[in-house]
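Colleague: What follows is each chain in one-letter form.
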Amino acid sequence: MSVASDSPVHSSSSDDLAAFLETELDSDSDSSSQSFPIEEAADDDDAEVTNHRLLFYLYLQALEFKCVIRSLNRVSQSSFRLKRRKLEHLETEDVASVKFIEEVSEASSSKLPCQHPGTFGNMCIVCGQRVEEEETGLSFTYIHKGIKFHQDEVTRMRDIDMKMLQSQRKLCLVLDLDHTLLNSTILRDLTPEEEYLKSRTHSLQDVSGGDLFMLEFMHMMTKLRPFVHSFLKEASKMFVLYIYTMGDRPYARQMAKLLDPKGEYFGERIISRDDGTVRHQKSLDVVLGQEKAVLILDDTENAWPSHKDNLIVIERYHFFASSCKQFDHRYQSLSQLKSDESEPDGALATVLKVLKQTHSLFFEEGGEDLSSRDVRSLLKQVRKEILKGCKVVFSRVFPTTSRSEDHPLWRVAEGLGATCATEVDASVTHVVAMEVGTEKVRWAIREKKFVVHRGWIDAANYLWKKQPEENFGLEQLKKQGTEEGEEEEKQ
Amino acid sequence: MFFHIVLERNMQLHPRFFGRNLRENLVSKLMKDVEGTCSGRHGFVVAITGIESVGKGLIRDGTAFVTFPVKYQCVVFRPFKGEILEAVVTLVNKMGFFAEAGPVQIFVSKHLIPDDMEFQAGDMPNYTTSDGSVKIQKECEVRLKIIGTRVDATEIFCVGTIKDDFLGVINDPAAAA
Ligand SMILES: [Zn+2]
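Residue numbers (this note's numbering), protein chains in the order written: chain A, 1 to 491; chain B, 1 to 177.
Derived from the structure by calculation, the hints contain no laboratory data. Hints are not guaranteed to be accurate.
Once the Cα atoms are required to be at most 27 Å apart in a straight line, the calculated DSS-like pairs of lysine-lysine come out as [stated by the list, open to error]:
{"id": "1", "chain 1": "A", "residue 1": "380", "chain 2": "A", "residue 2": "163"}
{"id": "2", "chain 1": "B", "residue 1": "81", "chain 2": "A", "residue 2": "233"}
{"id": "3", "chain 1": "B", "residue 1": "56", "chain 2": "A", "residue 2": "145"}
{"id": "4", "chain 1": "A", "residue 1": "262", "chain 2": "B", "residue 2": "138"}
{"id": "5", "chain 1": "B", "residue 1": "32", "chain 2": "A", "residue 2": "145"}
{"id": "6", "chain 1": "A", "residue 1": "145", "chain 2": "B", "residue 2": "81"}
{"id": "7", "chain 1": "A", "residue 1": "163", "chain 2": "B", "residue 2": "138"}
{"id": "8", "chain 1": "B", "residue 1": "29", "chain 2": "A", "residue 2": "145"}
{"id": "9", "chain 1": "B", "residue 1": "94", "chain 2": "A", "residue 2": "233"}
{"id": "10", "chain 1": "B", "residue 1": "56", "chain 2": "A", "residue 2": "163"}
{"id": "11", "chain 1": "B", "residue 1": "135", "chain 2": "A", "residue 2": "262"}
{"id": "12", "chain 1": "B", "residue 1": "32", "chain 2": "A", "residue 2": "262"}
{"id": "13", "chain 1": "A", "residue 1": "257", "chain 2": "B", "residue 2": "138"}
{"id": "14", "chain 1": "A", "residue 1": "338", "chain 2": "A", "residue 2": "198"}
{"id": "15", "chain 1": "A", "residue 1": "308", "chain 2": "A", "residue 2": "292"}
{"id": "16", "chain 1": "B", "residue 1": "71", "chain 2": "A", "residue 2": "237"}
{"id": "17", "chain 1": "A", "residue 1": "163", "chain 2": "A", "residue 2": "353"}
{"id": "18", "chain 1": "A", "residue 1": "198", "chain 2": "A", "residue 2": "257"}
{"id": "19", "chain 1": "B", "residue 1": "163", "chain 2": "A", "residue 2": "237"}
{"id": "20", "chain 1": "A", "residue 1": "292", "chain 2": "A", "residue 2": "198"}
{"id": "21", "chain 1": "B", "residue 1": "138", "chain 2": "B", "residue 2": "81"}
{"id": "22", "chain 1": "A", "residue 1": "338", "chain 2": "A", "residue 2": "388"}
{"id": "23", "chain 1": "A", "residue 1": "257", "chain 2": "B", "residue 2": "163"}
{"id": "24", "chain 1": "A", "residue 1": "292", "chain 2": "B", "residue 2": "138"}
{"id": "25", "chain 1": "A", "residue 1": "145", "chain 2": "B", "residue 2": "94"}
{"id": "26", "chain 1": "A", "residue 1": "338", "chain 2": "A", "residue 2": "356"}
{"id": "27", "chain 1": "B", "residue 1": "135", "chain 2": "A", "residue 2": "163"}
{"id": "28", "chain 1": "B", "residue 1": "81", "chain 2": "A", "residue 2": "163"}
{"id": "29", "chain 1": "A", "residue 1": "356", "chain 2": "A", "residue 2": "380"}
{"id": "30", "chain 1": "A", "residue 1": "466", "chain 2": "A", "residue 2": "380"}
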């Protein structure tokens, strides 16, 4: 090995390098034994009898590799001299060689202290230094194991992203899986009436076009919601799509394969409960979109405590009997009825319309300047279209002790774009009552106005669509006892 | 970097493996136990190349197992800071790209990709120069420099850069020109 004469530091490097390697190796084994105590505690662990021999090898190899670095890097003569000067200076100290090596690898970086914007395996992604665990920032495990970014860096990435997305006229859409895009059941929870499903499952070899799948290796059966394929295709033209589920990672990936066999919609953007930052909650922390450009579709409002304004709550999709049971519903499941949601008029089709409206408000109205646009206010605007033109009077719905304007139902109705009033007049279109025989109800019947119970407003709010008044008459209320039963029977 | 070194390990063997094939059994167990594992000190054990010696067995009290100290030669792989590695790109996104060199996972941040390479989203996300002559995407081979390493029990993490001369795509003919 004739590298010595070729090396810029041949004169004094040998001892230093050996020292460096020792330091380097020691520090590494120390830290790894901290993070993996089991390794060292193993019963029959390695005993390094050949330290000296190893070091000798390392030393020889290191000389060779330094030569490689030099030939590959084409270090300019000036920076070379600079480094050499530094080396000479440092050689007076004990740790000279360690510093020298660091100098080589950081020769091209600037002199400002590194902000450590992110880490990979707890090493800074810019300078390579170790960063303390608690200073490493947000974990993006759904992108890759071991990668973390600091809040500032996340904000910076979101800002850059926003510009790129706007040029493509896209927003972000975060999609829940269970009860939103699909319904899964454990195989052993299938009822005898559902046995027929087993003969109707679609091949896993080519999932495209299928909507019922038996995943024997996961002991599960999964039914995709009607319209989901069209929904994803259309939505992906307007939105960058994310999956965000409380299921674990293998489940999330498997469901993504069923929904998106070619991987064209979700890419790596599949966030499972293993990737979340808060237990039992969902958050936009790890979603790389600015909050004003992210919509969420989920059946569970409580999962998103800090992002209610971004959220479109969708009617739960219960296909399997076990799913109904889990939510304490007494009625028969779609599978038991051998029925399903409507493809053209189901919940996903309705939501797609809402998404289209919001998207077009964001990009098409109000001029070129998009910086002040916010999906949260636009979503409110879209919601206001639902009962637009309706003037609602409430009859004995609210307790007399509080102001009607403060009642949640009053605010929901206003949110849906209805005008609310306390007294009847010719412009009133609907009287909302809970019992027949009130003065306002009698007036409404006389004046041929609609009389509905409060479920009419709740349903419009939930289904993003004005509901036919005849399904919400007071006689229905009496007949069926509860709203819940009434709601579901419609399906 | 690869090293050919000698390590020692205390192997525990059940008496049913004793007899004529004792040595063979020891070696195959050693291979199973050691190859493909990592240690912070030596890196990733690629392959065992030979047995230097098998010491005297020691019966462990209370169990029938016998412990043999085995010295073996093996090839280990351990990346070093400053080392130049060739790796295959596995994932490209707006944060940078991930690459693999055997058991080593390397991340090259966008900060350490030359400024003239821009991220292009789409089905096949990539970093491309403005003239389109160089493209980094999944599956392509890159030459990169390691700026930090961490070796865990089963994995080796590295942070790398391609922001330097002679680094970057190597299997793209346009880049080699
Ligand atoms: Zn740093």
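Colleague: Now tell me, hint by hint, if it's right for this structure.
Modeller: Each hint tested on the structure:
no. : hint           : in the structure
1   : A:380 to A:163 : 24 Å, holds
2   : B:81 to A:233  : 46 Å, violated
3   : B:56 to A:145  : 43 Å, violated
4   : A:262 to B:138 : 16 Å, holds
5   : B:32 to A:145  : 26 Å, holds
6   : A:145 to B:81  : 21 Å, holds
7   : A:163 to B:138 : 25 Å, holds
8   : B:29 to A:145  : 30 Å, violated
9   : B:94 to A:233  : 23 Å, holds
10  : B:56 to A:163  : 70 Å, violated
11  : B:135 to A:262 : 23 Å, holds
12  : B:32 to A:262  : 37 Å, violated
13  : A:257 to B:138 : 20 Å, holds
14  : A:338 to A:198 : 13 Å, holds
15  : A:308 to A:292 : 12 Å, holds
16  : B:71 to A:237  : 62 Å, violated
17  : A:163 to A:353 : 25 Å, holds
18  : A:198 to A:257 : 20 Å, holds
19  : B:163 to A:237 : 35 Å, violated
20  : A:292 to A:198 : 44 Å, violated
21  : B:138 to B:81  : 24 Å, holds
22  : A:338 to A:388 : 37 Å, violated
23  : A:257 to B:163 : 36 Å, violated
24  : A:292 to B:138 : 32 Å, violated
25  : A:145 to B:94  : 16 Å, holds
26  : A:338 to A:356 : 32 Å, violated
27  : B:135 to A:163 : 22 Å, holds
28  : B:81 to A:163  : 36 Å, violated
29  : A:356 to A:380 : 14 Å, holds
30  : A:466 to A:380 : 15 Å, holds
The structure shown violates the earlier hints numbered 2, 3, 8, 10, 12, 16, 19, 20, 22, 23, 24, 26 and 28.
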